[in-house]
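Note that the protein sequences, when read in sequence, are chains A and B.
Residue 50 in the working numbering sits at position 50 of the first sequence; the count goes up by one each step and never skips.
Residue 1500 in the working numbering sits at position 500 of the second sequence; the count goes up by one each step and never skips.
Some hints here could point you the wrong way.
What the hints assert, rightly or not - Result set (SDA-like, lysine to any residue): computed pairs, CA atoms no more than 20 Å apart in a straight line:
1) B/Lys1037 to A/His92
2) B/Lys1077 to A/Ala91
3) B/Lys1080 to A/Pro55
4) B/Lys1245 to B/Ala1419
5) B/Lys1077 to A/His92
6) B/Lys1037 to A/Ala91
As the list claims (entries may be wrong) - Which residues of chain A face chain B? A partial, calculated answer using Cβ under 8 Å:
7) Lys3
8) Phe5
9) Asn13
10) Leu16
11) Val20
12) Thr25
13) Gly56
14) Val59
15) Tyr62
16) Pro75
17) Arg79
18) Glu80
19) Pro87
20) Ser88
21) Asn89
22) Ala91
Derived from the structure by calculation, the hints contain no laboratory data.
Using N, Cα and C, we set each Cβ at its ideal position, and we do this for glycine too.
As a plain string of letters, each chain reads:
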Amino acid sequence: MPKPFTPKVVTANALLEGDVIYMTTSGWTRDLAQAEVLTDEADADLRLIEAQSQPGSIVGAYLADVTVQDGVPHPTHFREDFRATGPSNYAHGKQETVKQERF
Amino acid sequence: MYHYTDFDADFLTERNAQFRAQVERRIDGSLTEDEFKPLRLMNGLYLQLHAYMLRVAIPYGTLNSRQMDQLAMIAEKWDKGYGHFTTRQNIQYNWPELRDVPDMLDALAAVNMHAIQTSGNTIRNVTADHFAGAAADEVADPRPVAELIRQWSTDHPEFQFLPRKFKVAVTGAQADRAVIKAHDIGLRIVERDGVIGYEVIVGGGLGRTPMIGKVLYDFVAEEDLLPTLEAIVSVYNLLGRRDNKYKARIKITVHENGIEDIRARVDARYALIRPQFTGVDQQMLARIKADFAAPQFRRADDATYRAAYQNDPLFRSWADTNLAAHRVEGYAIVSISLKAHGKTPGDASARQMRLMAALAKRYGHDELRISHEQNVILPHVHKSDLPSVFAALRAEGLGTANIGLISDIIACPGMDYCALATARSIPIAQEIATRFDELKLEHEVGPLKIKISGCINACGHHHVGHIGILGLDRAGVENYQITLGGDGTEDATIGTRAGPGFSADEIIPAVERLVLAYLDLRDEPAETFLQTYRRLGMAPFKAALYPEAESKDRADAA
């Protein structure tokens, strides 16, 4: 039996800054909480193809697993947790400034 | 110090202009990422977890103050005010933006530096003993030949698409401080009947299949070295496996074909290409050697040193730990620890870089070295200047007296930065150092090398750590395996895995149990951790690591 589909977000790195970004319904965000959560497999595949068709602004798009609590996506794996927060030895990257803006 | 010729400068200018145009074409959409990636990697630019990373070569680990100042300037202007020194004598900037990288490369070129071949399946930065030119036990300075190899390998048309990356290390001393037996090619300068030549070791490497290099030739004459190297890499280029990335390094080629077969092939290739080497390389080597002439050492009284050593316990502790014997009387080699307890191993702020540059200029004949153990060396300091040097270092958080001790840990960037990592390394190193600082035990424990890698690729050299720690992802949780008894010196040994791994919470107490067990087990304070391990083997250390299994075994036996 195929594994049941678990919720996902589309994630990538921004071409110019290299920062971790997530797909929203209308573009991209640097904040996982604002990402579009995909609960349907066909829908997720389609969104990933859409992301991959933007090579001029993003690099290396893929689907990352999330769990949804109170409507907000959270990483399921520690690697995605680090990507969403930044390094643990300095308050650099996403920890420096809370960048909520879309880009 | 090697001085760039017009040819070198023109080559770098042209190469940087090419990369600038490639970046522009990537940004305007003319190049896809698939097209751009090999181009950026050839110029040392990676895309990691949170940002781009620019890896800059520090050939054979040698810098002057002007270069160190420029590294500080780059860190402040285009990064976050610091740089990370690596186990291959490179510096990595963790936060550059794509648009800025061409300017960073131009700034590097202004001080004769570059990021060429710090990535990709090419011959990488040639590393050397960080005490080169200063060590008391040296046959000859390894840097001139390392520079010759850098020039030969840079943009070598035959070797731009090797089966896999290729690393060369050189030492000029019997004591191996450059881990030459864990390199694709390791070279040791030897003297036979008054003639200088090279012992050539091939097929060493760490990673998922660690191997100690094997001696291919025990003596190669100076003028035969470059054709020998060219023959080796040429044989590997054709014979090395391209079907499986994990079997593509020369260590596997040597292992699968046997050293005799490799030697026969290299001999045949050498016979074919030797006539092409007409001696031009030896003329170049002679010119390079002149660039590396020893500084004008001075003779002076060292009363200030002796007085400080007598009267200042902090200075004495630092001098006992961080100084090494210099070949010239009255001088010392200073190792500056980039391992302050609780800080990130190998990181230096721009301020710290500037201070080290200033000290090198004022007290150190304008020379600095980066060690593969992620520290900075002032190779030539007169003993009378050591109290001033120490005071200045202390004021900038660089006075830690821990070289070769338990908190002088090699750690790769791990999952805090690296896209390949399976677990974090840096926080583990920080916590071990902090814990043993609290216990005030590290000087009593004595020489002990802990090396931590955040994945099987072993950038943190865990296989050759007395205590090696390998971070893995076990079912979505960070897990740390311990290996014991590794050694990266001339007695190179791959460590043995102790048993099941530990969680991030368990690994620090596990290391503590191990070290406390050593203190109980050693014959006398002079017996090091590694000596005790070699004398007693794994069993007593395993018992300390896994007390529950031990007590269960006893209960079962009873």
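Now the hints, each set against the structure:
| no. | hint | verdict |
| --- | --- | --- |
| 1 | B/Lys1037 to A/His92 | violated, 25 Å |
| 2 | B/Lys1077 to A/Ala91 | holds, 19 Å |
| 3 | B/Lys1080 to A/Pro55 | violated, 27 Å |
| 4 | B/Lys1245 to B/Ala1419 | holds, 17 Å |
| 5 | B/Lys1077 to A/His92 | holds, 16 Å |
| 6 | B/Lys1037 to A/Ala91 | violated, 29 Å |
| 7 | Lys3 | violated, 15 Å |
| 8 | Phe5 | violated, 18 Å |
| 9 | Asn13 | holds, 6 Å |
| 10 | Leu16 | holds, 5 Å |
| 11 | Val20 | holds, 6 Å |
| 12 | Thr25 | violated, 24 Å |
| 13 | Gly56 | holds, 4 Å |
| 14 | Val59 | holds, 5 Å |
| 15 | Tyr62 | violated, 12 Å |
| 16 | Pro75 | violated, 11 Å |
| 17 | Arg79 | holds, 6 Å |
| 18 | Glu80 | violated, 10 Å |
| 19 | Pro87 | holds, 4 Å |
| 20 | Ser88 | holds, 5 Å |
| 21 | Asn89 | holds, 5 Å |
| 22 | Ala91 | violated, 10 Å |
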